[in-house]
Amino acid sequence: MTVEVASDIVGARISVNGQGVATGATNLAELLSELGYAGRRVATAVNGCFVAEANRTSTCISPGDKIEILAPRQGG
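Note that our numbering has the sequence shown beginning at 2, numbered continuously upward.
Calculated from the structure, these hints are not laboratory results. It is possible that some hints are incorrect.
No farther apart than 20 Å at their CA atoms in a straight line, the calculated lysine to aspartate or glutamate pairs in the DMTMM-like style are these [said to hold, decoys possible]:
no., residue 1, residue 2
1, K67, E35
2, K67, E31
3, K67, E54
The task is simple: from the sequences and hints, build the whole structure.
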């Protein structure tokens, strides 16, 4: 997956699925929205710890954080 963040966003440098990005998001819910995941069913982790959907707004993003976003895939 390729992550693209608008070049005019200035803020924390974090890692999303192994790729460095700059974000203006202050919490995980904002980051998901910024990256186009709003409303989609995904699993999330911050620094290796699972974050439930209900906790994304209260989970702050800090410089250097490692975020993993996993979307379900179909196939067999």
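Structure-based check of each hint:
| no. | hint | verdict |
| --- | --- | --- |
| 1 | K67 with E35 | 16 Å, holds |
| 2 | K67 with E31 | 15 Å, holds |
| 3 | K67 with E54 | 17 Å, holds |
Checked against the numbered hints given earlier, this structure breaks none of them.
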